[in-house]
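Start from the sequences, fold in the hints, and give me the full structure.
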Amino acid sequence: MIIVTAGHVDHGKTSLLHALTGTHTSHLPEEKKRGLTIDLGYAYLAIENDILGFIDVPGHQKFLSNMLAGLGGIQHALLVVSVEEGIKPQTIEHLGILKLLNFSHIMVVITKADRSNDEQIQSLITQLKQQFDLSSSKFFVTSAQTGQGIAELKTYLISLNHTHSKVNQPFRYAIDRVFHVKGTGLVVTGTAIAGKVKIGDEIYLSNELKVRVRKIHAQNNESSEGIAGQRLALNIANVEKEQIQRGDWLTQLAPTQASERITIQLTAAQSIKENSIIHLYHYASHITAKLNLLNATQAVRNGNYFAEIICDDALHFAIGDKLIIRNGDDSQTIAGGVVLEIHSPKRHKRSDARLAYLKLLSQADQLDTRLALYTQHQTVNLSQLLWQEQIFLEDIAILSYQQHSKWLFNNAFKQQVQQNIIDKLSEYHQQHNDQLGVTKARLHRIAALDQPEDLIYHFIDELLAEQKLSQTRGWIHTPDHRIEFNHTELQIWAEIRPLFERTNQALWVRNIANELSIDENEMRNLLYKAGKLGYLVPIVKDRFLLHEQISQFAQLIKQFIQQNGEISVNQLRDEIQYGRKLTVQLIEYFDRSGFLRRKGNVHLLRDRETY
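Sequential numbering from 1 applies to the sequence shown in full-length UniProt numbering.
Check the hints yourself; a few may be wrong.
Said to hold, decoys possible - Listed below are the simulated DSBU-like cross-link pairs for lysine-lysine, each with C-alpha atoms no more than 30 Å apart in a straight line:
#1 Lys241 with Lys322
#2 Lys210 with Lys198
#3 Lys273 with Lys241
#4 Lys166 with Lys154
#5 Lys322 with Lys349
#6 Lys290 with Lys273
#7 Lys166 with Lys273
#8 Lys349 with Lys99
#9 Lys138 with Lys166
#10 Lys182 with Lys210
#11 Lys529 with Lys468
#12 Lys541 with Lys558
#13 Lys182 with Lys196
#14 Lys196 with Lys99
#15 Lys196 with Lys210
#16 Lys406 with Lys346
#17 Lys529 with Lys581
#18 Lys154 with Lys322
#19 Lys424 with Lys359
#20 Lys99 with Lys138
Claimed, not checked - Estimated spans, in silico, between C-beta atoms of each pair:
#21 Leu464 with Phe485: 22 to 28 Å
#22 Asn327 with Lys406: 39 to 45 Å
#23 Ala356 with Leu393: 29 to 35 Å
#24 Ala151 with Gln270: 26 to 32 Å
Don't read these hints as lab results, they were simulated from the structure.
Cβ coordinates follow ideal geometry from the N, Cα and C atoms, glycine included.
Printed below as a string of structure tokens:
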């Protein structure tokens, strides 16, 4: 368990921790010389079956950014107030920050009691309780010089519940220092926000580099593992010091794309105007950003709002992360925030429907409730979901959701999309009753363009398997939709087909018309009808191949790509023994049909089920 000490400069935080633990938390020569904490200081108290960790944060306003770096993932705080000086600016600011970060347990420690009397002490306690809503907080009166109250405070801290609520989540660790230790190697220090880590584990840096944990010091003692709520020093391998900085993360889950635009629930500590430039503090990270209010033009003190933050530097946020927001010159704390979305939309962000959704989201304190909102009308990228919620796949497996590839969705969404596919295809048949059907790629475009292609292909395959859709020579149609040659057309087709079979080539309309002495326009209409029936495929305007030929080429391409990973025009030309021009026309047709996709000068398999 970690406890943070907060309060005004020179109110005795460092001396208090020295009295509790025997450790002087100043670690910089300048700190010891000046008698104040500049960066984060640490002290530890060994108790039965555990070690209490203390973070001594700097009390001077000048070093507030260092103070904020030490607060992430901590539940307990000691607000230190000197009876000699009373309530000071940083007392008020630090207390405000603790409340904005929703600290679950704030204790108040009155220091330097040996320099005052009981009347002054009680007056200060009464003032703190009445002015700052601390009537439910535990108060301790202490003196580091005489030892007054130290034993009582220590006993109370030992009695606290040391179980961290996020210990069963994926490991997530905010780095606040990085340095080399001679004979050991690269070491990072920080707070374990969630989860567990063991020696030998491979975990991710924010930049997606994988590192290996060689040694662990938990709460200042060598250990085989570290858990949520502990200060950890990790000796890591496979990375250079220059690749890490304060504010980076070590995580069990592979980091998804860092966020530049997030949605938060904001609690204002001061009046805030629309489109404000701000300083944003997120665990050990500190960046500048722009804040846009979504449901107001100006925030008033103690009001709650929805807001969008556009970051100047992308950060790795997660749902529920606590934020501190300071004004443009970083001189005043103006708000706290809780992350609601890590990738907020750019459009329609102030619509009634959008604000209603955010209200529901802000009230959803359970995973299953949020998942129901996420999947109400859309599918969710699984890896992004695991990251933003900081959960394991097993946490979702127990819930009633379906998964295909990297997508998560509910049954109602699937039924809605599949019914829309059927409806759109029926509309297409009404508007184009002379055509047999459409390709899978075309059906995706007309029925569900806003949904992932591979997922829609999967839904179409399910409909085909359930015989709710049919497929004839590559064309997808409703089961009751039919078009056929009339008697005359069928006789002419019987003469056309052997021409393709004999030459095994792509043939032009004009050449076939001349060969059979039929009017070119009449032949063109017949060949395109044959294409609509699925007998022929127009690879370019007026040039056709038999569907069977196309299927054979597709099988050849699938086999080639399976062995080589990709195929080029020249490679396909060598395989099928066509000229380059015809080969280009053929491979571009496969790109358009959704069977292949071009990447530079090569082509990759896009949907192996097209043929």
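30 Å Cα cutoff - pair Lys273, Lys241: 40 Å, violated
Status of the given 29 to 35 Å range, CB of Leu393 versus CB of Ala356: 30 Å, holds
Restraint check for Lys166 with Lys273, where alpha carbons must lie at most 30 Å apart: 35 Å, violated
Lys210 paired with Lys198 [C-alpha distance capped at 30 Å]: 15 Å, holds
Holds or violated: Lys182 to Lys210, with C-alpha atoms at most 30 Å apart: 23 Å, holds
Pair hint Lys541 and Lys558, alpha-carbon separation not exceeding 30 Å: The hint holds at about 25 Å.
30 Å Cα cutoff - pair Lys182, Lys196: 27 Å, holds
30 Å limit on alpha-carbon distance, applied to hinted pair Lys99 and Lys138: With a Cα-Cα distance of about 15 Å, the restraint between Lys99 and Lys138 holds, given a limit of 30 Å.
Restraint status (C-alpha distance of Lys154 to Lys322 at most 30 Å): Holds, at about 28 Å.
Pair hint Lys241 and Lys322, alpha-carbon separation not exceeding 30 Å: 28 Å, holds
Given pair status - Lys99, Lys196, alpha carbons within 30 Å: Answer holds: Lys196 to Lys99 is near 27 Å, not above 30 Å.
Straight-line alpha-carbon gap Lys529 to Lys581, limit 30 Å: 25 Å, holds
Hint violations for this structure: numbers 3, 7, 19 and 24, all remaining hints satisfied.
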